[in-house]
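Residue numbers (our numbering), protein chains in the order written: chain A, 189 to 622; chain B, 110 to 547.
Just so you know, these hints were derived from the structure itself, not from any lab.
Keep in mind that a hint or two might mislead.
Covered stretches of chain B (chain A as the covering partner; in silico rule of three or more C-beta atoms under 8 Å from a C-beta of chain A) [to be verified]:
| hint | region |
| --- | --- |
| 1 | 203–209 |
| 2 | 400–410 |
| 3 | 492–498 |
None of these values were measured; they are calculated from a predicted model.
Here a beta-carbon is modelled for each residue, glycine too, at the ideal position from N, C-alpha and C.
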Amino acid sequence: MPYSVLILDDDADFNCLLTDIFEQAGYIVTSLTDPIEAVDAFRETDYDLVVTDHRMPNMAGAEFLKVIKKIKPEVPVIMVSGYLENDTIRELISGGVGGVFLKPLNIFSLLERTAELIDEAKKVENAPESDAGDIGDASGVDAGVQLGFVFRSFPCKSGASASFAKRLYSLRNFKSSLSLIGEPGMHYRSICEDIRGFYENEAEHFVYLSKGSFDQEQALSLIKVAKQEGAERVTCVLLELEGMDESQKKLATSLAKHQGEFEELGVALRTVFCVCGDLDALFDEGLIDENLYILMGTAEVLVPPLRDCDIDVGVMAQQLVVEVAREKSLAAVPRFERSARDLFRQHKWTRNYQELRATVRKILEDHPGDIITHAAVKSALKFNEDVSLRTRFESHLSSQKIDYLRAAAILLGGDRDQTASFFGTDVNAIENQM
Amino acid sequence: MAGRILVLDDEENYAEMLQDLLRENNYRVDMATRPERAIAQLEEIPYDLVISDYKMPVMDGADFLKKARELYPNLPFILVSGLMNTPELVKVANMSVTLVMEKPLDTGVFLKHVARFSAPMTEEEKTQVVQDGQTAAAEAAALSYPAKPCFFSASNFSASRFLQRAWSIAKKGKELFILEPIGGDAELAVKDISHWRGNGDKPVDVISLSRSSSSDEEAMSQLRGVLADFEKSRVVCVRLSATADIARAQKLTKTLRCEVEASESLLLAYIVSADGRSAEFEATAGDSGVVLPPISLRPSDLAVYACRTARIAAERAGRSRCAAFTPEAVYALLTFDWPRNYKQIQEVLHAAVSASADQPLSLEVLCQALGKSIKPVVPNNRIATWMQAEQQRYLQEMIEQENMTANELAKELGLDAAFQSKGDFKNMPLIRDELSLF
Chain A
189 MPYSVLILDD DADFNCLLTD IFEQAGYIVT SLTDPIEAVD AFRETDYDLV
239 VTDHRMPNMA GAEFLKVIKK IKPEVPVIMV SGYLENDTIR ELISGGVGGV
289 FLKPLNIFSL LERTAELIDE AKKVENAPES DAGDIGDASG VDAGVQLGFV
339 FRSFPCKSGA SASFAKRLYS LRNFKSSLSL IGEPGMHYRS ICEDIRGFYE
389 NEAEHFVYLS KGSFDQEQAL SLIKVAKQEG AERVTCVLLE LEGMDESQKK
439 LATSLAKHQG EFEELGVALR TVFCVCGDLD ALFDEGLIDE NLYILMGTAE
489 VLVPPLRDCD IDVGVMAQQL VVEVAREKSL AAVPRFERSA RDLFRQHKWT
539 RNYQELRATV RKILEDHPGD IITHAAVKSA LKFNEDVSLR TRFESHLSSQ
589 KIDYLRAAAI LLGGDRDQTA SFFGTDVNAI ENQM
Chain B
110 MAGRILVLDD EENYAEMLQD LLRENNYRVD MATRPERAIA QLEEIPYDLV
160 ISDYKMPVMD GADFLKKARE LYPNLPFILV SGLMNTPELV KVANMSVTLV
210 MEKPLDTGVF LKHVARFSAP MTEEEKTQVV QDGQTAAAEA AALSYPAKPC
260 FFSASNFSAS RFLQRAWSIA KKGKELFILE PIGGDAELAV KDISHWRGNG
310 DKPVDVISLS RSSSSDEEAM SQLRGVLADF EKSRVVCVRL SATADIARAQ
360 KLTKTLRCEV EASESLLLAY IVSADGRSAE FEATAGDSGV VLPPISLRPS
410 DLAVYACRTA RIAAERAGRS RCAAFTPEAV YALLTFDWPR NYKQIQEVLH
460 AAVSASADQP LSLEVLCQAL GKSIKPVVPN NRIATWMQAE QQRYLQEMIE
510 QENMTANELA KELGLDAAFQ SKGDFKNMPL IRDELSLF
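Next up, chain A with everything else stripped away, as it sits in the complex (with noise of 0.2 Å):
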């Protein structure tokens, strides 16, 4: 099909050559003279492409071209001019202008440059509308490292702790009360104030209560004192709840409902319930009760367990090395040997962080010295080589399931819902993995 091509040129004699050449070279031609009326027939009519002077009562080309760029900017324009100031040309060009051509016109290279604006403004037309576009960056391509906000209780560095600091991040304005679940052992405090960290406003107060320190007189001076010091809202943070008294636990239940003198604060309250164990186990060992259970059930994050997240292990290792350091002043921060590292990632914490901590402060106790060598780390975690070769296949084949979870991911656009589909299963559960 023939492309049409509106011609614009006060000049008549000149507008007539420019239809005949564009005639010649098989294209359909409206010639026109006047602005107004070109705008009025651009606006009515689709062109490939449009032609026009500079010169011209009523309208400047490069206004023209402003104008005609607002109603359809995918229309490629070329100006055809006798002469142009230089910041005229740098003006159409920062308007849009597809081509700029002086006379004496060069008629091939003009024909040349309108089927190549059109053919390009074709491709684009044809592209789906899609907005995978930005796969490179958006995708998870660096699912563990660009986070875009600041979460340090886990370095990130794997998938499950990014979707980890990912999902509580988006659920950081939870209303009154969020569950973090995890195994045995985790640093649920520092993920808390990690929690915190994700306000800028100091309005925002926690307060930590665990079961050696909870009961009802604590609690309330606790929030009373963040009020006093401008709290506008107070997150209260229930660690170790399943191994509370039942009192303990029926205070818990009042403080998120806001029951009893916990009404009367005159503060915004909230309850971050930190567990370890599923909570139908919970329910059913009769460690929760009812209405514990269907208050922390609205909203449940999972912990990922360390071994799930062997590259950040390597830097939690590392990070408190450094923290052991500073605490004993030593003159420097002893290094992990390579393949001594490669050992904490390899092992399974089932004790997780607490494992993790009291494993290095061991070793540094046991081994001073400026490297941490591969003997050091084994005999600490009592490394036992038969069990080895068997853990080393479990984990390896579990990273690379995560790994290949990542890749699909990666493929399909960085999209949650496409890879949950992707392995026939639901978004949660590609989730908690990653």
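Use these hints to put chain B onto chain A, whose structure you have.
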């Protein structure tokens, strides 16, 4: 998410000034002072916006624009330049330059224009970048690499371990030996290492040392040439044709060290291409050697490269949108074993993207480009199929590495069933059911 901007100006001071200005305004910026290097950079990394000078030696702004347009017809391109005459302006106008601004620059107006094409980092992203820098520094102390690699993808655990090891060797010595699978991405890792060693965007030369002994002299003179040219990186790739040549390479490094003054900054990255692992390589290269795992064992890196190539191919074809993949194509990409690794990913995806017009890349198109058919699998079985294959591969590798019989290995792993031969692993159920479940 903030994209990246490439700034090119032959006057280093001016390029730095622009880079600083943009960085102060929270953009992520890379800088180049040579158009030919900027082109190389464009080929590897997808950018949001290019900002270039006009008057430059060798290749002027118009030539650079032309080359950039051949790669990416729709990439926003701002010329920032001293006085340009009318013919020059007309020339660039006809090459679809996005904007021409004159020096001295009105920075307010300039930044407004930049904001049209690229998103600055949010405060959070910025903190993250700073933090990454800090964690990176902390990790560097623990024998890790200094920053996220720009060219090489180290998303998979085995790849990041490879890069850590390569970097720690590079930090210690003058030579690094890499055993790469056929068509591997080792050169990309060397480029990142070159960058980390303070060579900026200077090109990394690749020379080869062939089997004939006369080529030693030839290689030496080539290396002397590279080292005499201060526009080139002090990191040089030398391709060896076999593991047996490592001894010759070591001699070469020694000779060169004695001969070249100021050889502190020199690093020779020797790459040997070969199939499979090689005990011989590990024995000869010793502490200076590192083995690059094949791409089929690095699914997330494979995915990164596939997306990168697809995006580049789509942009080169002038499509405004990046090529997407159908789920069947995703499955096939991650199932195929890519015997020619990175090179093959590039070839296949370029072919597939240009064959698939504006449609998402389908299984049919991909298989045609691969020259092999891959049977699709229902969604529920995908992860199980992959894990089964990986389990079998890993067990076979263990038998070879640990020098055990199948039966011994099975015992060692505490498996109940008796295994007579490697073939029995094929039918072995997954060692843990969770591996195929969500």
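Verdict on chain A covering the region 492–498 of chain B, criterion of 3 CB contacts below 8 Å:
holds (count 3)
Report holds or violated for chain A covering the region 400–410 of chain B, Cβ cut-off 8 Å, minimum 3 residues.
holds (count 4)
Given that the region 203–209 of chain B was listed as covered by chain A, double-check it with a C-beta distance under 8 Å for 3 or more residues.
Our answer is that it holds, as 6 residues pass the Cβ test (under 8 Å) against chain A, meeting three.
Violated hints are absent here; each numbered hint is respected by the structure.
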